[in-house]
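> These are the residues of each chain, in order.
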Amino acid sequence: MSGAAQTGRSAGGTGGGAHLLHVLRSNPVTMLAFIMFAALIFCAVFGPLLAPYDPLASNAAIALQAPSAAHWFGTDALGRDLFSRVLVATRLDLMISVAAVGISFVVGATLGAVSGYWGGWIDAVLNRILDTIMAFPLFVLAMGIVAALGNTIENIVYATAVINVPFYARLVRAEVNIRRNSGFVLAAKLAGNSDIRVLAFHIFPNALPPMMVQASLNLGWAILNAAGLSFIGLGVRPPTPEWGILVAEGANYIVSGEWWLALFPGLSLMFAVFTFNLLGDGLRDIVDPRKRA
Amino acid sequence: MSQRLKAAGSRIAQAIPVIIGVVAVSFVLTRALPGDPAAYFAGPAADEASIAQIREALGLDKPLMVQFFSYAGDLLQGDLGNSISSGRPVLSDLAARLPASLELTLMALLISCVVAIPLGVLAATRPGSWVDHLCRVLVTAGVSLPTFFTGIVLIYVFYYLLGVAPPPLGRLDFLYLEPDRVTGFYLIDAALAGDGETFMAALRQLVLPSVTLALFTLAPIARMTRASMLTALSADFVRTARAAGLRRGTILYGYAFRNALLPVVTTLGMVFSFTLGANVLVEKVFAWPGIGSYAVEALVVSDYAAVQGFVLAMALLFVALNLAIDLAYAMIDPRIGFDAR
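Heads up: the sequence lines are chains L and A, in that order.
Read in order, the letters of the first sequence are residues 1 to 293 in my numbering.
Read in order, the letters of the second sequence are residues 1 to 341 in my numbering.
So that you can see chain A by itself, here it is in the shape it has in the complex:
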């Protein structure tokens, strides 16, 4: 057991070079962006001298290595720089917008897990049946939906044709006031304030974008559940368990499902990554004020600090997530060991 703890500790230590790598990659990527931020910041009427002056003020005239180290030093103090377009610190911009993205993502993941895992298990236990074919078609259709296209179709049907959905413009209709900020999640904040009306309004805004995302994410989860369930069910230990006369439920959930869960856990990590990526598109379609749309706006105007901050925040989140998944994986599956290192 102590060996296992040591292994876990070394895995955590391995995350440090990744973080350094992430900082380096995000730095290089954003510095290589086309467009000169000094010229952008100076405005269209600026001459050479004023552009050079602003370049110096932003530290863009120094060698890349110097820029990188001063950037890393600032990071250690929690300083992500100021956004050129909004003029505010990137950290506070991101902090203000992160809850919007998280609320959307978590809602979508919740919906998709609740639907996808039972569907995958059901399809795998009855291969070749109509449930299996239905699952296959559903799942394949789900992952074939481009999130931005699904969103547009949902808007057309539920807003333009039926008129049941609110206009796709952000988190809350302009008729309502934002609930007092506690967590930044409108649903939770409105519930905490006991404001049922605002809660329903926020929920109505949330339904279409989160369903759009969920339709996209349920497919990989159901697909992987089905595939790994099939593998587990055709394994020798299941045959042995059947031969030993164990009950169907015990075999299915005690033996097969627990083994089948491993790839599903791995998939969940990837799905989370895809969800946040797809968030960018969904946020654009629904004018959702999250960090995804923030990054797109920043990219368009080559707002280096904002893009770096966004990429970095996301990357750090994923380092933590990958770490958790790796640790969980080693706990569940004793075949994968870290003791070789």
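Pulled out of the complex, with its shape left as it was, chain L reads as follows:
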């Protein structure tokens, strides 16, 4: 029964669209997540075109103004339009997180599947490397990597990818390891499938649902990570608009009551992370119908 349910998923290509529609209709939260995701992508693609002002143009005459019809999110200490800056920052933040998670997803899945399936010295060596990475508080390791490699955006991506690889690798390794001697795997092998084929098409798909949840969390974490690095002065450097830097700049004014400077970039950051997290839950329901009640 469980074997049938597990292998049945890989053949679930047909009717996927109808299933998707059904899930979306029965789950309004997932629907909302897709709409929010579309909005984010829209801002990332068209943000620089839509921005009403130049995000870098300062104008001392209108410094530190509260939100108004002309400046929706107000202006900062140099009179730059906060709405334009927040909008333009979307693309940078999304690019960093998607690139980082993409790298760690692929690398982690490959390493984890190989070590979980074949075990032996590959497994032992990989585990040592992962333990070494995981032995650091991840944010601090990211701080160390960016500080050591230099303050560039690529280095934020690499640092974020490195600290996320162990999550995918361990997850996949555990899922593969538990199933490598299951009945459906032995049956697939007996039917003449090669090891790689069994691993890739019979065992690995079982690891996808938890990986989807992980990826959605990671996209959010990756954004938070990058923003946190720039908040403490690493990574993206001013005057480049980036949500973390904008919050850090606004933090200096919060105790004197200029709330909009930290609030709007912070809310945008939350919105993005929130979207990815809702989306991940929704994806899980679509990928794994068994968990839908």
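One thing to keep in mind: the hints can contain errors.
To give a feel for the contact side, a few chain A residues facing chain L, derived at Cβ under 8 Å [said to hold, decoys possible]:
(1) 133
(2) 134
(3) 138
(4) 144
(5) 160
(6) 162
(7) 163
(8) 175
(9) 243
(10) 247
(11) 250
(12) 273
(13) 311
(14) 314
(15) 318
(16) 324
Computed footprint of chain L on chain A, listed as stretches where at least three residues anywhere in the stretch have a Cβ under 8 Å from a Cβ of chain L [stated by the list, open to error]:
(17) 10-18
(18) 150-158
What the hints contain is simulated information worked out from the structure, not anything from laboratory work.
Where is the CB? At the ideal position from N, CA and C, for every residue including glycine.
Following the hints, position chain A against chain L.
Only chain A this time, still in chain L's reference frame:
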């Protein structure tokens, strides 16, 4: 059973290469930092000769391998070097600041576990209900909060607007004296000294930063509890137990929850790691004198010894934690065996 002990022993032995790896990584990372500590230490007015002299005094002119081995040798004697900026041994700096970070972290973890685990179980047992949707939104909102932003908002609302919170400046208002140092935890020390007033003052300072951290950490715990509870509840053994007519409570807590706890335990380890990482940000926002803010200050001035010491201390803590989690995992889940090695 003896085989299991042997397996546990070999797992403990496996931690040794990790520690060596950690030492190597922290060494390489901090030596590759931009900025020349010799030039920094010599001051802006120094000429080439005095910089070279200081470089020699710090041992920075030797080959990297030699530097690494002398570093490892010092470590074995518990010598983490002197902090360039504070001028004191890094070990004593860290020891003085560690309790502040631990107090904050443990308080936050306590708050988040007490809230998150029941919430996750409740949501999983009633999927699709309003509790489930509420949990989903709450949990997703929680993890979407950038810790530094939450902290700023809390400061704005509770300090600037309402005026109920003390100023976000460290562990204790300047009106109070530090309690006598026994454990370094202000709450425990004040309680031991029987000083209720200081205890309340320390608690008031602790509330905002620990709630900030807890809001961040409860999300992954509740999310994983819910997800693994759902998996366990849809498993065949639960269906069989239901068919056999076992009571709902027995199925829920005796069967499903115990199985669901495995991923939650794993998550706790990660959560602890994230908490200490997020600590850096929260400590910066609240001017909390812990090791996180110490590391940030050290990074800014490329204080190699301090950064190495911080990274190393954290890493050793995590090696121990990962080890404990792996051992616990093998005890709980007999499917994961070490006997292959």
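> Does the interface hint hold: is residue 324 of chain A within less than 8 Å of chain L, judged Cβ to Cβ?
violated, 13 Å
> Min Cβ distance, residue 314 of chain A to chain L: is it shorter than 8 Å?
holds, 5 Å
> Per the CB criterion, is residue 250 of chain A less than 8 Å away from chain L?
Result: violated, 21 Å to nearest chain L Cβ.
> Are residue 134 of chain A and chain L close enough, Cβ to Cβ, to be under 8 Å, as the hint says?
Nearest chain L Cβ about 11 Å off; hint violated.
> Can the hint on residue 138 of chain A be confirmed by a CB-to-CB distance to chain L that is less than 8 Å?
It is violated, given that the least Cβ distance between residue 138 of chain A and chain L is near 11 Å, above 8 Å.
> So, as I understand it, the hint says residue 273 of chain A touches chain L; can you test that by seeing if any CB pair is closer than 8 Å?
At 5 Å from the nearest chain L Cβ, residue 273 of chain A passes the 8 Å test, so the hint holds.
> Can the hint on residue 163 of chain A be confirmed by a CB-to-CB distance to chain L that is less than 8 Å?
Since chain L brings no Cβ nearer than about 12 Å to residue 163 of chain A, farther than 8 Å, the hint is violated.
> Against chain L, is residue 162 of chain A within 8 Å by beta-carbon distance?
violated, 13 Å
> Quick check on residue 318 of chain A please, does its C-beta sit within 8 Å of some C-beta on chain L?
holds, 5 Å
> Are at least 3 residues of the stretch 150-158 of chain A within less than 8 Å of chain L when you compare beta carbons?
Coverage by chain L holds for the stretch 150-158 of chain A (4 residues, Cβ < 8 Å).
> Quick one, is the residue 243 of chain A hint okay against chain L at 8 Å, beta carbons?
violated, 13 Å
> Under 8 Å is the threshold here; is the Cβ of residue 160 of chain A close enough to any Cβ of chain L for the hint to stand?
holds, 6 Å
Violated hints for the displayed structure, listed by number in ascending order: 2, 3, 6, 7, 8, 9, 10, 11, 16.
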